[in-house]
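Asks: Hey, can you work out the whole structure from these sequences and the hints?
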Amino acid sequence: MSTLSSQTVSACASCNSFDCDPSTCSARQPVEEIVETAPFAASTEGITAATRNACKLCTPLGACLAFRGVEGAIPLLHGSQGCSTYIRRYLISHFREPIDIASSNFTEDTAVFGGSSNFKTAVKNLRRQYEPELIAVATTCLSETIGEDMKRLFHEYYSENWEEGHPHMVHVSTASYRGTHMDGFHNAVRALVETLAVSGTRGRRVNLLPGMVSTADLRHLKEILADFGLPYTLLPDYSESLDGETWAEYEKLPSGGTPMKAIAETGSAQLSIEFGHTIAGTKTAGQFLEEKFGVPCRSLGLPIGIGETDAFLETLGTASGRTVPAKYRQERGRLVDSLVDGHKYVFGKRAIVYGEEDLVAGLCAFLCEIGVEPVLCASGGESGRLEEAIKAAHPAALRKSMAKMEIRSDVDFAEIGEQAEQLKPDFLIGNSKGYKIAKNLNVPLIRCGFPIHDRIGGHRILHLGYRGAQMLYDQIVNALLEAKQEGSEIGYSYL
Amino acid sequence: MSEFEIKTVTGEAITAQALKEEMLKIYPAKTKRKREKQILSNDPENTPEIGANSRTIPGIITQRGCTYAGCKGVVLGPIHDIVHITHGPIGCAFYSWLSRRNLAKPVNKGDTNYLQYCMSTDMQEEEIVFGGEKKLAQACREAYALFKPRAIAIYSTCPVGLIGDDVHAVARKMSEELGINVCGFSCEGYKGVSQSAGHHIANNGVFKHMVGKLDMEQTNPFSINVLGEYNIGGDAWEIDTLLRKCGIHVVSTLSGDVNYDQVCSSHTANLNVVMCHRSINYMAQMMETKFGIPWFKVNFIGAAATAKSLRKIGQFFGDKGLIDRIEEVIAAEMAALAPIQKDVTSRTKGKKVALFVGGSRAHHYQDLFSDIGMETISAGYEFAHRDDYEGRAVLPTIKVDADSRNIEEIHVEADPQRYNPRKSPEQIAALEAGGFTFRDYDGMMKQMKKNSLVIDDISHHEMEKLIAVCKPDVICSGIKDKFVIEKLGVPCKQLHSYDYGGPYAAFTGAANFYKEIDRLTTTKVWKFVIPPWKQSPELQASMVFGKAHAEDLTPKRSMKANKSAEPAEEA
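So the sequences go chain by chain: U and P.
Just so you know, the first sequence maps onto residues 1 to 495 in the numbering used here.
Just so you know, the second sequence maps onto residues 496 to 1066 in the numbering used here.
What the hints contain is simulated information worked out from the structure, not anything from laboratory work.
Just so we're clear, the structure is a prediction, and the values are computed from it rather than from any experiment.
Some hints could be false.
Negatives, chain P to chain U, calculated, CB over 12 Å [to be verified]:
no., residue
1, Thr505
2, Gly707
3, Glu783
Once the Cα atoms are required to be at most 27 Å apart in a straight line, the calculated DSSO-like pairs of lysine-lysine come out as [claimed, not checked]:
no., chain 1, residue 1, chain 2, residue 2
4, U, Lys439, P, Lys643
5, U, Lys151, P, Lys525
6, P, Lys600, U, Lys439
7, P, Lys532, U, Lys252
8, P, Lys960, U, Lys252
9, U, Lys120, P, Lys529
We put the CB at the ideal spot given by N, CA and C, even for glycine.
Replies: This is how it looks when you write it as structure tokens:
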């Protein structure tokens, strides 16, 4: 395939000249430089090729997570076993729950001759061991690169093995060189409705497609939907399957998840609500249901903070024909009351926000609501719509801060770290991977999102609704107070 | 001596064979035939042949990882002053970023530590189509411009092999351009049947490109390398401290908290001791052939095993002063450890353990458990080969399959200048006459009881069967199984990451481990599993007959609700 062009290789790394012999270059830095640990803020002027400390994960991880939110589903990665092992160990370190992801275990000859036979064996073994209702297949870099035709494999498999009661199979293409884990997640949800949704008499049902949120978020969303008296399909729903109880007896597949029947019924719903400004108008599950079955799709931001939660509850009010239940009016009221109480501690504070694009957009709007200035909103996401998403999330609250805010897509933690020092943030908010930067700057890190592997209960953090905003708010204020208290020479113990 | 027996949850004896059949009965015929060869009733006197290092069957949920994980993640990853670049899409680099707890703490001025750093070419579709060599070369330049590291290592992931990027050519070019050692590793995930292939590829690369690059005079005659020790949770530091007390100098620990110069000068040591036989025996063998450094297997996991290993090192050097110092150290360490060991043993004696992990740990940790009177009912490796189970004596009879043939066997000859046999043939013969063994590993099965169950590459399903039938008091495994084991009411100790604990090596480490196991086996937390309102006599009676009230318990959870509470009460 490609070969190295001589022009590219001959540039000297020290003086950047093409005519220089690098081994004798006078500009070459001595090797004895003292570096105790890798500096996150090393200068990288003109450097772009490598990703250093990525702020994104790979597409099949997102797909597997979405698939674990379907009742009776077992994800199957069609590719090398390392993907399934790595993704399992990574998801498990966040959720601290059993997460089974099967693999079709490609070896070198499979990579050459194709994975048809491995695929069939995998499906047969999965049926025997797990008796799944759904086998959810995602194709990895390996099978994607060799151009595995999954339609044909499905067809071949079914023509030999179809029988009454055979589990459904769904496929999503997740080459990791295309997009991030969020793309994998959304595409998996779309693949589920594409394969399983059926038409029917239009009812009151609402489809809620929340995107990648925490198990606590999912439980809260279900509570809200129930309080509005709406029948619903929440897809996916890993609130139980990835945050379950102890077992008295072995569960082949952890209980919980969106029932298959509920996915089928998404085609006859009155409305789909889809969270995520960056995916609005793209080829999403909601969009598919609108095109195929005429189910209108309402695109909202993740309901983080007041404005975005208001929009969500108003939508549900309209859909249900009910007013917002008193419980939520009270939660909102308490939240606003607490903002007044804590305002002086957070107002004008500077924050760096990072993570998935839609999470960043939601957090950013929320921070502006409470008077914090998000000085850098960063994501490894590659949709190119982060700025748009931030602008769409509670524009009124954002208006003042937007000018001072830097928005960066497709960045890594090295780049965030390089900028962090000069931005002088008071805190960072995002997943565990920002810890090093926070530590270097000696500022608090408010952990939220995914992955959180250096704390317990990362998957139980509530971000959504007034209640989620309340919890985040209290956490932010207290972290700032604690930092002030700890950093104070005289010390104070009464506020 | 009483016969060893595996007991069921209800206390009846079950043969290993019956337990095996219980595990296998669910599989389709072909799968069953294959798994039959990997699950064996043990006989230490006459070890049966195990179907280890064979391909994992698709659709069986395995603990195994990939070649990249073995190469970058395990063997090379811990070298802390070289920059590691993963050539491929982002996932592989991200998942191997600080996820293994191979600790490093550079202490000398000028030392560098890039382990916090995760560099990847983050290949996009464009590179998959048009090739990623240019981007890789640029990434090497960036790494150099940023850090001026001692060396750069490049690791190929699955798509790289498919599109035909020549990482070795890029590495050579970059070596010339940057004037530092840049080496490429073709460790695409699909090569080989597990991470074991990656270990071998890494051994070859490190041996070819690093070992022997730096000649260094060793002033201490008792200079050794500790091979196959990865400093998880600080184990290597414990071993290092212990050896120093005895007067032994560690030149290089491959690979735990180690720097490039230490690796490059490892050929100047006088002895190689091997901890993890599976991942590093190639290196020991190649160093003996090329430089004349003898090797033997040791185990610093467990107090008795540690003492034995120290004595063997003493015997090897045959120096009276060294032997005496070793005895003094053992006596002092044992005296400090004894009260803890005795106290913990009073509670753990007779408890049962099962271990399924790695390529050596499932064996090594049996020693720690036997220190505190616990019995291993079942064990198996994730990625080991027959010799790790049955001993190196079977090496000549191992059939080389297509997957193993994929991995280069490098031809090694004695180095014309630096080959220096540390012991003369006469000295070796004299030592061997006294029962001393070189290049020795007897494998796990020789040490396990007759009729215990050996399970290679255990699947999730088999693990769950083992728990349902026997419910061991502790299971040692990794993070992927940990939570399914604990859901079923059995404490799980992770032996990959040590559950953020450790060190467990040497004597101090052993004390940590005893306490850890004591905590796990005596916790009262399982008592909370059944709430008081579900323990009414009425309900219990109905459960005896297998008919729980639908209102009280979901049917799925009904049957064994009570059973899971029993062991906690015993504790």
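Asks: Do the alpha carbons of Lys960 (chain P) and Lys252 (chain U) lie within 27 Å of each other, as the hint requires?
Replies: Answer holds: Lys960 (chain P) to Lys252 (chain U) is near 11 Å, not above 27 Å.
Asks: Taken at face value, is the distance from the CA of Lys643 (chain P) to the CA of Lys439 (chain U) at most 27 Å?
Replies: 24 Å, holds
Asks: So Gly707 (chain P) supposedly isn't at the interface. Is its beta-carbon more than 12 Å from every beta-carbon in chain U?
Replies: Holds: least Cβ distance 20 Å, greater than 12 Å.
Asks: Between Lys120 (chain U) and Lys529 (chain P), is the straight-line Cα distance small enough, at 27 Å or below?
Replies: 17 Å, holds
Asks: Regarding the assertion that Glu783 (chain P) does not contact chain U, is the least Cβ-Cβ distance greater than 12 Å?
Replies: Answer for Glu783 (chain P): holds, closest chain U Cβ roughly 30 Å.
Asks: The output says Thr505 (chain P) does not contact chain U. Does that hold with a beta carbon cutoff of 12 Å?
Replies: The claim holds: Thr505 (chain P) sits with its nearest Cβ about 16 Å from chain U, beyond 12 Å.
Asks: Taking 27 Å as the top limit, are the C-alpha atoms of Lys151 (chain U) and Lys525 (chain P) close enough?
Replies: Status holds; Cα separation ~26 Å.
Asks: Checking one constraint from the list: CA of Lys600 (chain P) to CA of Lys439 (chain U), max 27 Å. Satisfied?
Replies: 17 Å, holds
Asks: Please work out if Lys532 (chain P) and Lys252 (chain U) have their alpha carbons no farther apart than 27 Å.
Replies: With a Cα-Cα distance of about 25 Å, the restraint between Lys532 (chain P) and Lys252 (chain U) holds, given a limit of 27 Å.
Checked against the numbered hints given earlier, this structure breaks none of them.
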